[in-house]
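Novice: Spelled out from the first residue to the last, the chains are:
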Amino acid sequence: MTPPLDARRLDTLLRSCVSCGLCLPTCATYLATGDETCSPRGRLLLLGEVMADRLAPDAPGVEQAFETCLGCMACSATCPSGVSFDLLETLNSMGRRPTVGTQLLDRPGVLRALHQSGGAARSVLRRTLGDGWRQRLASAPRPLARLSRLLGIMPDSPEADHALLDLLDRLTGLRTVDVTLPSPPAATGPRVAWFTGCADAALLPGTQRRLGEFLVGQGCTLQTVPDEACCGALAAHTGRPDRAADLRRKNLEAFGPLLQQTDHLVVAASGCGHELSRHDDDLARRTLDAVVLMDRLAPSDLGAVPLRVAVHDPCHARHGQGIVDEPRRLLRRIPSLRILEPAEPHVCCGGAGVYGVDHPDLAAAMGRRKAQHLIDTGCRLVVTTNPGCLGHLADALAMLGADIPILPLSDVVWYAWLRGLNERTTP
Amino acid sequence: MVTTRRTASNTNARRDPLVSALRRALGADQVKDDVAARLVYSRDASHLQLGRPACVVIARHASAVARTVALCRQHGRPFVVRGGGTGLAGGALPPDDAVVLALGRLDSLGEVDDVRRRVQVGAGVVNDAVSAWATRYGLRFAPDPSSQAAATIGGNVAVNAGGPHCLKDGVTSRHVRCLEWVDTWGRRWSTGHCSALTRGLDLRGLLVGSEGTLGVVTSAVVDLQPVPRSSLVLLAEFPRLADATRAVVKLMGSGVVPQACEIVDRVMLGAVEEAFQQGFATDVDAVMICELAGIPEAVGEDARVAEAVLMQSGVRRVQRAIEPEEQARLWNCRKQAFGAVGRLAPACVSMDVVVPLARLTDLVEGIQTITDEHGVKVATAFHAGDGNLHPGVQFDDRDPDQTVRANRAADAIIERAQTLGGSCTGEHGVGLEKRHLVHRQLDPVALDLMRGIKDLMDPENLCNPDKALPARELVGRGHKPVPEGIEFDWDSLTVTAPASTPLAELQAAALERGLWVPVGVAAGDGHGPGLAGEMTVGQLLSTGTAGPSLLGELRVRDSVLEIWARTGRGDVLHAGAPVLKNVAGYDLVRLLVGSGDLLARPLAASFALQPAPAAVSMWVWPSTPVALSVEGRQDIMQVLRLHHAPAMVARERSQDSPSLWVAASGRDSAWDLGAMAGLLETWSEDHGMPRPVEVRLPRAALADGRLTALLPAWCRTSPSWTLLTPAEGRPEWPRPPRLVWHTRPTVLWTPDELRDDPVGWRSDPVIRDNVPQPPPSPPPESPAWLLAGLRRLFDPSSTLPCPSWLEQILGEASP
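Keeping their order, the protein sequence lines are chains S and G.
Position one of the first sequence corresponds to residue 1 (my numbering), numbered consecutively onward.
Position one of the second sequence corresponds to residue 1001 (my numbering), numbered consecutively onward.
So that you can see chain G by itself, here it is in the shape it has in the complex:
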């Protein structure tokens, strides 16, 4: 750090031994303990206060973080991690005499891997900077919290941050592949390899959203998304707020998935308009900002559908913003809305409640009642498409009466959301602010396990103590019985199903309404697990993947909203909530999905539903050369990557019937499946192959097996499937005799046992003899003590399956 004129260098009068030790270890320039620093770092963007830290460590390297943590532990003193200090729930507030670990200078940006679309970034990198860095590759980092200009990746990971554009792309957890972190002993770890489909104990998933209470994340490998080729923003004015929320439910059910769908209420509009003079109507109750993005033609079609839906929903006027500058201005206003409310009152309780979409109108009406009852002013901005609301109760903190009323009103709003089946926090975290309320929605068994995890990973309660989880004396009150049958909530776009439900049955019922759980298509003809036909929901949760499917494959863990499971102790836990964003307590859902029943056996789960593709095409080349040239393989990969949805290739390389099959979904329009057909024909000509035969079918065919019948028998009935994922480096397409290839994520399935793993690929036997297999052993860099500890916590008497690698770890880690 650069020095300036010093008035008084060292200042902590009582010569704190920890501060002296930190100075010796890190050098004086990384440690600040003057009055000013201790005061400034005792506050963040929330309206809360806790204590005065002993000093601030402005770490410049992960090793400084590790040394600081180790010294804190040695001295038995708490430490709190801080990124941009933009948290709204007080998660980064230090207790008295704690050490604040400021990570703003861990701001290294790695090289962008544009083939795999990912980049490694330091925890202190500002969210905005990641997208700015990746923009020259046409990529961006999807989570975009309103504070993105200042919030850091470490903070985003801590609270599993969202933002307007997470509606289509998902929250931080979905975009984080791998974390480097420091445990509370000061040892450095990585959550392991960055494969496309992670199976096993998902420590990454556990750390994301843990609010810096389980360790210190120092860097992350994050996924990047292509910047949409075109976008269009609809600006709709609603005279009545309830009409706007009902319109959102209709819009989300119409098959259109907006990139973002926001509502700003009248009070908030007034503040934003005063701040930015954008010409927003201030004589209406609500303005909706709905962004549609993707291929230009798709955006045009979606806009027409969306406008039609809005026109039937009590809208006064709908405008289109097409120019990028105009859209940027609108988003800027929306994102700075929180700051603009500073014009309304000196202080504000900013909440982030979330409810199932169908309950959105109920919550809005509830908030109105609460506002009237408590005599407070509330300004609300909504991530409406997610059911996530930011009501901000305005008050003057110099007035004790107003302060009390504001806090009571805020609590009432949170309780209302919880009563409606929602969560007290969708993206800000529990922090300090909601510790007294979060237990109302947490299941007692799950809460006990969360406390067990905290005790396991931070036995001396030094790492951001007394945050995120409720105080010890509070018992979880959010019991929810295990569901006994499939239950669809069409308005909320969720489905709950017991573990015994065949996945095919669930998907078929959803497909009747044009929806699906995006984990791969199950063909209803029961052609073996290879195509997810005979897999149950329980097996899906346990393996974390549906096996090779017709239309590419998405991660199961990204679709699961809540889970019921029986632990090795015999008790039933329920974790999560049927909402699209949730940061209440630790993320047991991600920890359990794909864990191979090592911690608990799934009993049921809720999934998010998404619009299924409108049509599917299958291209079949009856005869192709035995060996496709390298260029041929690269070119077809390129063609398929250009398509806007995941696609599948099946390839057989035998002397008798060398053949190729390609399946892709889309909207059956000239610009999508039509364009794909053209590209595939050109590809065939370029590489001297016959033209493919195309069969195009409506989405109903996904459920009735018509499409499956076009595939070769080995594809449908193989009793064993191995998943191949590219390891580091840029591997060649391996050439087993038979394979199924998915474009997104890029993975290969082979129906035969692989004798030798191809170089550059990782193999994971997923299905053997028609039985889903437990996940492979974790990467060697995983902390064995943690895996063993989690196992003992969930299954102390080892009644659940115990693969050999776990037995070994348990043996080594036993006292």
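Next comes chain S alone, as it looks inside the complex:
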């Protein structure tokens, strides 16, 4: 675990900030508000004053400054003096008082229930309030507004294969047959323990199944464990380090024996990947992002997908794990696919776990900014690798009235793989 920051270490870290201000334009909250109080430099200054007892933590404006931090790490990644993520963590733990709702969200059962009832709830709301139901509910009493926000940003990707094929065929103008997958090759690839992740497993079951098919098809052996726990990211981000530590311990026990027999612990959601990899233990050493694995497998059997695709990097992949080249290299393996890069690729979309529930207006403003950059690329499709970004951006794109779907990157790779099979079977 991250060692608890004693006052001395905190002081040293704070002192490494030279206040140069290079972090400001990377910070989504600063860009959305224009207010330096809600910028990394401002927050560190306030944190230093609080630590030195010159400022009360509940003084006006201080709490807001701390709790609006997304924890996206864009500032840490930019900082030339190496101001550490530990500071953000401290900041977060000081600012965030988790609401009951957000506390519940890192429980798989709750997520599954949300997924099962969420779709129905959304269609009921759409039917009763029209397409602008989110905007209408934004001014509703707070609990209702938050619930509507949560429903709005619930990640969604076609669960059934044919639904995904229909969607992508419509965009590409191709006709893809859902061929019977060939029996997997002899397991020559890496042996992989799979960390399914609560949000991914509960909210994107189709995507997860297809990723599994693809990995097996590339020669990997996959193993899951029945008693996998939440990675603890949400708990850590909402100032509950004890719960985070507890969850980690459970995962260490659950995966312990398996880790010795496998090459990697593969995680599809970059939020979980970052949380798992940032400690110093067996889990962290084996953790590998699914995109990195797919890139390393260097699939050569992908078919052409003539589509303009904008790539959105989740913060926990880009800043947390330095995953930038891998998704692009992987997509370049798909013939005819054109990769487009939006402006401000380093700025958070505002998804950030449950941020959209806690700060609906701010998150929506960030989402719109990001969605506009994505629209400006002229893309037909957006891909990303984090369920949080997926739901939040789908919502933002919809609010701007753009007919641009957003999909998990692995679904597009799966589609290209199927295209490859189609190309070979239908001359």
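Keep in mind that the hints are not guaranteed to be accurate.
Claimed, not checked - Negatives, chain S to chain G, calculated, CB over 10 Å: (1) E159; (2) G189; (3) G212; (4) P226; (5) A284; (6) G322; (7) V324; (8) M399; (9) A402; (10) G420.
Unchecked claim - Pairwise CB distance ranges (calculated): (11) G:T1799 with S:D376: 51 to 61 Å; (12) S:G401 with G:P1226: 32 to 42 Å; (13) G:R1316 with S:P345: 31 to 41 Å; (14) G:D1704 with S:P345: 55 to 65 Å; (15) S:Q260 with G:E1326: 34 to 44 Å; (16) S:R249 with G:P1400: 41 to 51 Å; (17) S:L340 with G:R1343: 35 to 45 Å; (18) G:W1671 with S:P345: 36 to 46 Å.
Since the hints were made in silico from the structure, they are not lab data.
This structure is a prediction, so every number in the text was calculated from the model and none was measured.
Note that CB positions come from ideal geometry on N, CA and C, so glycine has one too.
Given the coordinates of chain S, assemble chain G onto it according to the supplied hints.
Specialist: Chain G alone, transformed into the frame defined by chain S:
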């Protein structure tokens, strides 16, 4: 602004009436006065502290700025403008109870005008964003301070920001055409039309570098430069720092103009290497990063010359970085060096002293002595080609003894630079940090005038008070006698000359060494002012242009480093310093150059010298049709714009001898003048014209009149010249019977009096009957009160020339 969960909305316990008024006027979401905001906005990127503001206004529109300023004035309260908060001299620190005007949200980007290469941007636009915006047109904004990822255009304008790549392209002042600003009464103004050659009282020049003490700049029209077609970075390791600085002087004198030439010293290298692990050698005293950019062939030739120079200068190893990614990585390291020194010590006094190039080694040795004497650690990054150094004195601000020693050492370094004829600040500004030192280099008369300007524009001292200029009790101590003869400093690449010096004489002497003042070529045969032949330095300064020249025309104001002048009060002022970057005090140099003696009569000036073109070609078409087709005109303009240096076209449209002349400079290589000759031949064929006759001559011909003789007589001897500059819109090439056209900036000269101004062009009679004329009346949007006030300040009893428009303004503005 979006709102989030509110803990306590309004918080200034004592209910400040100004804050309440601002809230009423602007709405609560633009005004913040909670403890957190007041604390955060009381600091910036400097290590300094001043006071605690009453509130912060996060303005979303220029009108909000104007209302805020007006309310502050009404309440008699100070206000301080802030952009990205990246200033290193404390210029944006508010005094107690001030209002901070945060302009980060004035971030509108206008449409890029790719023909004229300019764009209008809000003051809050981040520097980087301008280049990113223009990149699809193959253009970029040249100033690139290391903080460019966060620094805003408004801040760049306030301190006349530079950056590594300003060595070739010049600092912010050169790239700002026009400013929109709010005066201290809260009225909105523009500095006027954006013509290519500005003559007259240059309020824009006065505002640039005034550190937000004269008004609030809300937007700027900036010039964009083409992104170089290719570039190459040389990375040279020097075991000894003094060898590196001497190598810079040699390199700059070799005729190569690098895009950037930086040095990083051993201490800084250590920090950068620790931060970025780029594989920099850390066992040498200095690493030089020298970027060459332009046409690929030119870059190749320059690289060979530069490497040869470096190899003779004590270098251990020179490497080439060719791949763009590799170059980008190197620059990223250099630009984040300031942040990386955060790893060395908790605090740092970051300076930006600048000295004449020839004094660079002296200053470096001086810094070493001072470092030893005061027992401090100094990490230095240099914009070496500009003579601009960033020594950073490292210290721990918790240790009072270290703090005192660090500040003393910093003061000693600044004084050393001033003693060497340099300036205390090249790009950070005086701010708060150098107020106690700047008077040492300022001339007493000039300092009085600067204070007069401040009193005139901000009589109640509310606009960023007590910054930029020294405290009132300090008297200027930087007296410098008026030079009596031409004096070249070849190592520093500067020349000082009295006003009576014929420009031709100055240029001829410089050309002998392969240098010139880039204001147009003077042919030494005395063929009239039309070709700058008989113009004096004084006339050049006064008119702000050298008239039509053989090789295109660059703005005089961009080459003048310091100026001596006699004001209407009869006293002699000296402003500026013989250095390439200088933000000490207000920019009187820019205000006076081209002002037509309305404020002071120039007595002498120093100019920056640049390598003159190696060769010149003249193409002559003995017979061309009377009327060139529209396509023909457009095509030849296109050909000439493709050339890497300015060019000239002379055109005569008469029944007797319809003809065309083209002159261009270059390096006499297959890829430049050779390529141009090919393009012009193709153009002739395409438009049914005979092939031109070409005469190609070495640069010495620029001084002896050989080339001038090839031009028609009217071109050489016309007693009157009118300057035409394109106004707004996209004008057609006007068709007076005779004209001289310059490609960069795009201007036309006609030797005859224009009876009717062609539509879409502005005319300015520059030379009448062989006498340089004063500049035309300022655009109507200029603040008359300011023009009148400046005139009264410099010339209270009106002894200097007073054109009719000024008389009218003075009459209207009189009390």
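Novice: Please go over all the hints and tell whether each is borne out by the structure.
Specialist: Against the structure, the hints come out as follows:
no. : hint                            : result
1   : E159                            : holds (34 Å)
2   : G189                            : holds (31 Å)
3   : G212                            : holds (36 Å)
4   : P226                            : holds (39 Å)
5   : A284                            : holds (22 Å)
6   : G322                            : holds (14 Å)
7   : V324                            : holds (13 Å)
8   : M399                            : holds (14 Å)
9   : A402                            : holds (21 Å)
10  : G420                            : holds (31 Å)
11  : G:T1799 with S:D376: 51 to 61 Å : holds (59 Å)
12  : S:G401 with G:P1226: 32 to 42 Å : holds (38 Å)
13  : G:R1316 with S:P345: 31 to 41 Å : holds (39 Å)
14  : G:D1704 with S:P345: 55 to 65 Å : holds (57 Å)
15  : S:Q260 with G:E1326: 34 to 44 Å : holds (41 Å)
16  : S:R249 with G:P1400: 41 to 51 Å : holds (48 Å)
17  : S:L340 with G:R1343: 35 to 45 Å : holds (37 Å)
18  : G:W1671 with S:P345: 36 to 46 Å : holds (37 Å)
No hint from the list above goes unmet by this structure.
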